[in-house]
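Residue numbers (my numbering), protein chains in the order written: chain A, 1 to 423; chain B, 1 to 171.
Treat the hints as calculated values from the structure; they're not laboratory data. Careful, some of the hints might be misleading.
Straight-line alpha carbon distances no greater than 25 angstroms define the calculated DMTMM-like cross-link-like pairs of lysine to aspartate or glutamate that follow [stated by the list, open to error]: (1) A:K272 - B:E151; (2) B:K161 - A:D55; (3) A:K389 - B:E31; (4) A:K272 - B:E38; (5) A:K389 - B:E30; (6) A:K78 - B:E31; (7) A:K389 - B:E38; (8) A:K154 - B:E84; (9) A:K237 - A:E304; (10) A:K29 - A:D55; (11) A:K154 - B:E38; (12) B:K160 - A:E150; (13) A:K78 - B:E30; (14) B:K33 - B:D12; (15) A:K389 - B:D12; (16) B:K160 - A:D55; (17) B:K160 - A:E304.
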Amino acid sequence: MSSHTATEKILARASGKKEVSPGDIVTAKIDVCFSHSPWNVLSNMEQMGATSVFDPDKVVLGLSHHVFLPASQWYANKLDEARRLAAKFGIKHIYDMGTGNGHILVMENGHIWPGGVAACADSHSTCYGALGAYGTPISGEFLQLLLAGEIWFKVPSTIQIRLEGTTRRGVCARDVGQVLLRDVGLDGALWRTLEFAGSYISSLSVYQRMVLTFLAAEMGAASSYIAPDEKTLEFVKVRVSRPFEPVYNDPGCEFEAVIEYDVSQVEPCVAKPHAPNNTATVRDVEGTPINQAFVGGCTGSSLEDLRMAAEVVKGRKVKKGVRFIVVPGTYHIMRAALADGTIETLVRAGAIITAPWCGPCQMMCVGWTAEGERSIGTHPRNWPGRAGKGVEVYLASPYTVAASALTGEITDPRRFLEGGTVV
Amino acid sequence: MKFAGKAIKMGDDINTDIIAPTNYLRADGEEFKRHSFEAVRSNLYKDVTPGDILIGGRNFGCGSHRLQASLVLKSLGFSVVIAESLARLYFRNCISLGVPAIAMPGVTQLVQEGDRVEVVLSESGVTLTNLENGKKLEGTPLPPLVMALLEAGGFIPLMKKGSHGIRPKSS
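Input sequences plus hints: build the corresponding full structure.
Below, the structure written as C-alpha cells:
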C-alpha cells in the first residue's frame with residue numbers, strides 16, 4: 001500500500017476500501033448529517049412515504065442556526081412543520097430556538113469525532129476538520145443522506161498549510177485567516193482538503209482552530225483537516241461517548257502543495273467589501289466610519305472571541321450611534337461567558353447581546369443595516385446581496401471589531417490593548 | 001443531451017448571494033427571478049431567452065448552500081451553465097436538481113456575450129461549439145452517475161427509480 005493523507009484514509013475506511021486516491025469516486029457511510037432548514041427535505045420524505053431516517057442517532061437538526069426566534073410567521077410555520085416531521089421520523093437530536101450555531105453544536109455535543117465523516121446541509125461544513133474529522137457540505141442530496149446514510153464523494157487531494165510561530169499582541173486566528181484568504185484566494189483550494197498544521201496550530205485552542213476550518217469554505221475547499229492532538233482529545237473525550245479511532249497522514253504521503261507561513265509578522269487585518277479574500281491591513285483602512293459592529297457568527301462566536309472583544313471594551317463605552325451586537329455561538333458558550341463575567345463587561349460597555357444563533361451574517365433574522373450604511377463583523381462572508389442592498393461589510397477579528405465599536409470607525413485594536421503596539 | 005442558445009457571460013467568483021440575494025429568498029418565484037444577479041447585472045431576467053447558455057468564470061456558484069441559486073437558473077430560462085470552474089457544492093446541488101452545470105476551462109476565451117453557442121453532452125464527453133465561428137472546446141466526460149442524474153432530471157426521480165445505487169436503505 002502506498003502512503004495516504006488523512007482524508008484519503010478516512011474516506012477509504014468509511015467506504016469499506018483498503019485505500020483510495022484523489023479523484024476516486026467512492027460511496028461512503030456518514031457518522032452525522034446536520035441541517036438547519038430541514039422542512040423541505042422532511043416534507044419530501046413524507047411525500048415518498050418514508051417512515052424513518054437511516055439512523056435517528058446520526059441526524060441533527062439545528063433549527064436555531066439562522067434564527068434565535070422566528071423572524072416572521074412564515075419562519076414560525078416552517079419550524080413547526082420541521083418539529084412535527086422530526087417527531088414522526090424519530091429524529092432525536094433537535095436543537096431548538098436559542099441553542100445556537102448548528103456546526104458548533106454538533107462538535108460541542110459529541111455528534112462527530114476524530115476520524116468521523118460529517119455531511120451537512122451548509123456550506124461551512126468544512127469546519128469539522130478542526131477535530132480531525134472529514135466534514136463536507138451536501139445540500140441538494142440531503143434526502144439521500146437521511147434515507148441511506150451514505151453518499152458519493154470525489155476523494156480530494158490535500159493542500160497543507162504549515163503555520164509556524166506566534167502572533168503578536170492584538171492579532172488572532174482570524175487575522176491569520178485573512179492572510180490565507182488573500183494568498184490562497186476564493187478558489188485556490190477548490191475541491192481540495194485544506195490541512196492546517198505547524199506550531200501555530202498546535203498553540204491554538206480547538207475553538208480558534210475552527211476559525212480556520214470554517215474559513216476553508218471561503219477558499220473553495222471541500223473539507224479541512226487538523227491532526228488531532230492532546231487538545232483535540234481533551235475536547236472530545238468529555239463529549240463523545242462511543243469509541244473512535246483518530247486518523248493521521250501516513251509518513252511520506254503526497255500533498256498537492258505545501259505552503260509555509262511565519263505568523264509572527266501578521267498584522268490586524270480586514271476583508272474589505274465585497275469579498276472575503278479582499279484582505280487589507282487595518283492600518284490601510286483605519287478611520288473608515290462604521291454604523292454597526294458585530295462579534296459572532298461561525299468565525300467569531302467562541303468564548304475566546306467574546307473575551308477578546310471584552311478585553312478591548314472593558315471599562316470603556318461603545319461610541320454613541322454605533323450598534324455593537326454580540327452573539328455567543330451556542331448556549332454552552334453563552335453560559336460560560338455569563339459565568340466568567342465576559343457578558344457583563346460587554347453589556348456595561350453598551351453591547352447588545354442576543355441569544356445564540358449565527359447572527360446578522362446572512363440576513364435571515366434580525367440586525368439589518370440600512371442602505372448606505374457600513375458594518376464590520378467577525379462573520380465569514382461579505383458578498384454583495386448577502387446583507388441587503390447598498391451596504392458595505394468589512395470582516396475582521398473580535399479585537400478589531402470591538403475597537404471599531406468604541407470609536408465608530410475602523411480602528412487598530414492595539415490602541416486599546418495593554419502591551420499592544422501599533423507599528 | 002444537446003443545448004443551443006445565446007451566451008450570457010458572467011465574471012469570476014459569482015457567488016450564491018449574487019445569484020439568489022437573501023432579501024428575496026422568501027419572495028415568490030417571479031419577484032425572486034427579477035432580482036437574481038442584480039448585484040452584478042440588473043434586469044438580467046429581461047435578457048434571457050429560454051434555452052440561453054450561461055457562461056461563468058472561475059469558481060462559479062461559490063458561497064452558501066442555498067438551492068434557490070441552482071433552481072433560479074431554470075426559472076430564468078437557462079438551459080445549461082458552462083464555467084471555467086464550478087464551486088463544489090454548487091455543482092453537486094445543480095446536478096442533484098437536474099440543472100446541467102459543467103466546468104470547461106477556456107470557455108470564457110472562446111465565447112463572447114451574445115454568441116450563439118451549442119453544447120453537446122454525452123457519455124464520451126462534452127463539446128461546446130461557438131456557432132459564430134465554428135470554434136470548438138472539448139471537455140472531459142462527466143462520471144456516469146452525474147450523467148444519469150442529469151438525464152433523470154435530478155436525484156429524486158433517480159432515487160424513485162432505485163437505479164445507480166441511489167436508493168433508500170431497505171427497511
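* Asked: Looking back at the hints listed earlier, which ones does the structure fail to meet?
  -> Of the numbered hints, 1, 11 and 17 do not hold.
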